[in-house]
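Chemist: Residue numbers (this note's numbering), protein chains in the order written: chain S, 1 to 87; chain D, 1001 to 1181; chain U, 2001 to 2416; chain V, 3001 to 3969.
These are computed hints drawn from the structure, not numbers from a lab.
Ideal Cβ placement from N, Cα and C applies to all residues, glycine included.
Be aware that a few hints might be false.
The following label-pair restraints were derived from C-beta to C-beta distances [stated by the list, open to error]:
(1) U:V2225 <-> V:D3419: 53 to 59 Å
(2) V:L3465 <-> S:T4: 53 to 59 Å
(3) V:D3698 <-> S:S29: 35 to 41 Å
(4) S:T68 <-> D:A1124: 25 to 31 Å
(5) S:T4 <-> V:G3430: 47 to 53 Å
(6) S:V50 <-> V:G3430: 52 to 58 Å
(7) V:Q3228 <-> D:L1122: 53 to 59 Å
(8) S:T4 <-> V:A3969: 56 to 62 Å
(9) D:E1026 <-> V:Q3228: 41 to 47 Å
(10) V:L3465 <-> U:E2407: 43 to 49 Å
(11) U:N2163 <-> V:G3553: 32 to 38 Å
(12) S:P6 <-> V:P3231: 32 to 38 Å
(13) V:V3919 <-> D:E1026: 24 to 30 Å
(14) V:P3874 <-> D:P1002: 58 to 64 Å
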Amino acid sequence: MRLTCPLCGERDRREFYYYGAEDYLHRPSEGAPLAEWDNYLHLRDNPAGVTKDLWYHEAGCSQWLLVTRNTVTHESSAVELVAERKA
Amino acid sequence: MPELIAKSALDGRSLTLGHVTLTEAEPGPITSVAVYPGQGKAVAKGLKTLGLAMPAPNSFVEKKGARIVWTGREQAFLIGVAPPVLEGAAVTDQSDGWTVLALSGAGAVDVLARLVPLDLRLTACPVGTALRSQVNHMNAVILRTGDHAFEILVFRSMARTAWHEIEAAMQMLAARMGMKF
Amino acid sequence: MRYSGLKVITEGLFGNKGWKPAWREPSPKAEYDMVIIGGGGHGLSTAYYLARNHGITNVAVLEKGYLGGGNVGRNTTIVRANYFLPGNSEFYSHSLKLWEGLESELNYNVMHSQRGLINLFHSDGQRDAFVRRGNAMINQGDDAILLDREGVREHLPYLDFDNTRFPIYGGLLHPRGGSARHDAVAWGYARGADRRGVDLIQNCEVTGIDIEGGVVKGVQTTRGVIRAKKVGIVVAGRSSQVAAMAGMRLPIESHILQAFVTEGLKPVINHVVSFGMGHFYISQSDKGGLVFGGDLDFYASYAARGNLPMVEHVMEAGMTLMPMIGRAKVLRSWGGIMDMSPDGSPVIDRTHVEGLYLNCGWNYGGFKAVPASGWCMAHLMATGEPHEVARKFRLDRFSTGHLLDEEGTGSQHNLH
Amino acid sequence: MRIDGKGLIDRTKPVRFRFDGKDYAGYKGDTLASALLANDVRLVGRSFKYHRPRGVLTAGSEEPNALVEVVGPSNQTPNVRATMQEVFEGLVAQSQNRLGSLRFDLLAVNDYLSPFLSAGFYYKTFMWPRAFWEGLYEPIIRRAAGLGSLSGKHDEGTYEKAFAFCDVLVIGSGPSGLMAALTAGRAGADVILCEESHALGGRLLSDGGTIGGMAAADWVASVVEELQALPNVRIMPRTTVTGAYDHGTYGALERVGLHKPARPNLPRECFWRIVAKHAVLASGALERPVAFPDNDRPGIMLASAVRTYLNRYGVVPGKRVTLFANTDQARATARELMAAGVQVAAIIDPRPDAFSVEDCPVHVGAEVIGSRGRLGLSGIQVRKGSEVIEIETDCLAMSGGWNPTIHLTCHMNGRPRWDEDLAAFVPMAGAVPGLVAVGAANGSMSTHGALATGQAAAVQAVEALGRKVQVPLPEAEDAPYRLKALWAVEGKGRAWLDFANDVTTKDVKLAAQEGFRSVEHMKRYTTQGMAPDQGKNSNVAALAVLADATGRGIAETGVTTFRPPYTPVSIAAMGAGGRAEGFAPQRFLTSDQASRDRGAPMIEAGLWYRPSYFPKPGETTWRDSCDREVEMVRQAVGVTDVSTLGKIDIQGKDAGRFLDFVYTNTFSTLPVGRVRYGLMLREDGLVLDDGTSARLGDDHYLMTTTTAAAGLVMRHLDFVHQAFCADWQVRFISVTESWAQFAVAGPKARALVNSFLEEPVDLPFMGVAPVRIGGVDGRLFRISFSGEEGYELAVPTRFGEALFRDLVARAETMGGGPYGMEALNVLRIEKGFITHAEIHGRVTAHDIGMAKMVSAKKDCIGKAAATRPGLWGPEREQLVGLKASAPISAGAHLFVPGTEVHRETDQGYVTSVCWSPTVGAWLGLGFLKDGRARLGEKIRLVDHLRGLDVICEVCNPVFHDPEGEKLRA
């Protein structure tokens, strides 16, 4: 399996650490109700198809990546740096 | 209080086997330069005093013994020279954090093919390339320093493991060579 | 038709013509009292215990593929009761007791073999953690013995005691732990449920859940509409997809867990062995193949197949622990779809829809849970109240913070 | 027997080898199978269940029967395919899975019991009495089951793994593979050509014929010569591509040293990970057996195998050969045998309209319905219409047509397509992105078809790479492939589908009869296709029998899923490099050698090695040394290496603000030159790690993490920074490896430290200052993990060893010395300091009595989720100290004295324990329900595993110097 890091280029999956779905980027604001935290930490769409999730180029540039990919075919169609992601 | 004696991780070890030579190199100072957001120009000014600039991803530039290696987003290692004053960047001494192994010879690419999940042949990895990847299970910075030469930076505490794994690959390749004749 | 050695002989004398189908193949009726979505191990055992414990037999199990085609047919067949958190330890203890009577209960040889499971540890810290687990097991009424290094050597002389990267300090022996033939468990429960009148309906995929006024009315399927007063979702890796049909978003992420079997070998491993410094567990099947597995592939996936990095890590773990298996050749590799939950423990609970029940979150440990999961899901669906040993498997425990985190790795789904 | 004038073997190089204790001779280029057949050895094994005699069936890796153990000087390898093992001087092999000799296997008795051992019988019996399953039945079954044996000894062999990258990967070097490699090679593409066998050419080495006017073997030689000269082409013989994975990644196994005696450092096997932009599957096709009654006797082989042994190895498996085949192509085997002077007793062709031109008896519209010969074929019965003919023959070459070798195309769950004309499954195009099947693998059975499709696939790949190429297509035979599907022949006696697992057509019908009608159910119920050949010789025939038994077409019945590996791969190869210390990197302290010189046993701490204790003469147990070291620190001074702790250098105007966001307590207000203990939560509100952070300058902090969590925290900081504060003026990098750091603790610590500093410094508790030591810039921290007055002295790593040796030597002159992990642990327990034994991932700040460290004035990671109700309240187990006069243990559970010991009455558990020479008692740290409200209570500590049942006193975790006078002295 291979992933294209925007900085380092295409690399074998073994160089990356997987965290979870992109939900982890939408941290509830201070004082938000616990239900929002349940959504943020636990509840997931978990689609069988296209999803967006978070990978860390652990053996490379240490950048966190937001990857658009398909959980059935493993095709990945877009990768962007979390630090420079579109809003 | 007597002077403290310095020791490298591998005491300058060297090995030649089947057209490949592995030695512990002495890189001199290594300094991490990490640019603060929006401070690119300030840092460029500082680096210009060495005739250098922040390198493009996956590359390194060398001028009069001073080498600047891309190591991440808005980050580089300045190697072989003391760092100038650098406004706009976090400057951190990394000199003692890394062991540098020089690997050279016709079989160098084949040796690394046993350990690095990258195409390091000259066509795909020309001189001046700097890649952050892995040597087996260890993180490493791999520099293509010559047509048949690499320098590999690994964490100093793992130097013995890195040496052992590269040496094992050299021995297996030498044994394969022996088989052909 | 009862199975027995005598029957095998009598039938054998007459060309085996007399064997009847293990289960009927009914077409779905328009209505049932209860519908179980999912014909895997947990779905089939739920249906079996609804009939056996609660006399509810007007039940249909709907399976989109073939019975036992999901995770129950893709695991490394380990059966154990060595959990230490209250909430888990009583559940898996109950499950192991059910395992111990399963052959006679189902009149089907599931080949449950309690050959002993040994969890190895490789540091003082790890020893203490396993001692805490072992004491919890004994406090729960199960069995645990602390082995030192020489004690492990007596059981497992082939381990690499001299050169392995993480020296073996000792092991926690769980004598009643062991393995079973996974297919036989699914078929045994299927046959048992069918003989008590449950309709097992294959090639019947659920495409929708009908809800009116917050009450479940039945399901839409590829073989027509089926009405039911109560519906159980027991689909493991596909839980999110089916729950979404009821407007639910679950605390579940589906992941691939690869497993491997080698070519048949003469007996060489007589226990279930689990490595402490890398996820690696192995046992030898009765057919002689070494059956082993390791970690998830660690990215969300429904592909039921994995990639090489994790394959290599598992093989390397095997080679550092027991290099004697080096010359065994891997015959086949495959992947199950694990329904990972944020604390590594399952959910057997009601939902916000009346009459709709949820059984999911089995992470790595679904196979050994098959009997108790069915027992407790049947109790919940029949009585509306959770069974005593599954009381803590609540859906809302993540929002309330009553976690059952055995690994202690927090809310990241793939770390359990 | 060997015949002259045939074969590609080197008759000038005889090779001696041993099989089952007898010595034989073959030639270089022979496989064990061809050499055995040359010596008229037909019986080579015993089947799995009935232990029926088994002989060589094929000439390739799909061999189901000729599985042997190859015995080396120090180990043995089970289940080796004799058809793939090249003979070498001194090769020793033996047959397997037999009780007694191969000719007289006692377990062959099972064959007589076969009516009672049909498919799935074991599910219906062995259930009574319960204890007999593990006591009697299972051991017997396990003893009879399995095929080869492992030696049980460590596999000391050398194994290798490697990566390779290319534009075009060509899998197989038959006509289509060679044409694809030649086309892509001439276009200048970066090509890898993998060939499973030791010689290139595939079936061209057996089938002869002409290509481009040249003899096939000469054409092969010319193409290989050209490929070898092209720098952009790499040829990898003895390399099987075993699996197709995501994004053009392929697994491949190279047999490097298996055809030679073992030699130091020469790998036995190498597991390749090949990344290819395009891949051409030129894996050919596998010939199918026919399931006629008693079709499994040694001497019954595939027609193409007989032809291969003749043309490639100069060997004929029998003296009177018969052919039973349903295609025109198969006739070549009979003609070439006759041309070589071998007697062909008869040709049996089930097709009523088949021709008969050969000058030997040809029975058209006939079928073989039986065979004779206990340990090897001696005769067959043929039915033609109502007539039954008896034929004397010692070798029957059979062919039911061909199955395209489509396995790799199904490795990503792609379903193959049933082709009615070919009566075979062909790949679904695009099932594996980037992989194109060509030649026989795609159903193009003729040599011309192979060349054309191989070339076309290469042109397509080359053009996608932006290159152009024109390669003329050599002319070759393009005979039509016409067959009448023949899966099984009705008749008396059992017809075998899976030769290794002993699965008959009756078993498949029984599965259908018992409701196992899905092809997946049938496979699992009968174990058909689960033997070492993975169903290559039986899958399609078995599902055809199932289709017939369930009244469905073959397409509707469908096929089971092919999965990696294509052929079995040794664990040692895929795990190459993992053995012994190779499994994970080793991290060494600068003080490592100095500690070992002092006899300190080194123990693993994560990937690091740290000294356990420093034994002195006369000390027999670790406790002797540990107690001494504890008293040494309490009364004089101790030195220990703490370099393994994570150290992260954090700089920038927003560094303080960033620390406030990741720590529960506040760091932005910490004065320069001061250090503060910090608590870090995970976002779910539970404790992630703890440690001290120092402020070295206005915009410069140094964070310390525990050894265990160093990598975890670094990844966490990167996520928080890049996800939530990418625009802040803060950058950080690990400096763990850059500094060697030594703790100096005890009443004489200050004196010892000052003796090293060029200018002594009066550092307040929890202070930090730059210092000069022996001409070197270092840092001095005043922090203590022992509870004594303590410092940590850090110098650049290159000076670590020198400083440690000097520190220890000088400490010894002051009544002190080095101390190890055991003493460190006792000291910190005495002081109530926690480690990851306590913060094991399930505890909150509230649980460890640090709730007040969670600042009310600011948000931080984990703060909100920590407020969840389940994480608070008396039900939670809280950190307490335990004191006892008798030995206690970590991992014990806690109960109210007098209550019954059971899960429901469980009050908590013990995490750390030590004998405290300082306090003169057994001390422990643990977690107790509502613990802080129960200080002073008696609690019962029970450890069933160690047989301890002790009453302890619950107390404040800080046993030694609770007010901390020593720290602030």
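Chemist: Hints broken by the structure, by number, lowest first?
Modeler: Structure breaks hints 1, 2, 3, 5, 6, 7, 11 and 13.
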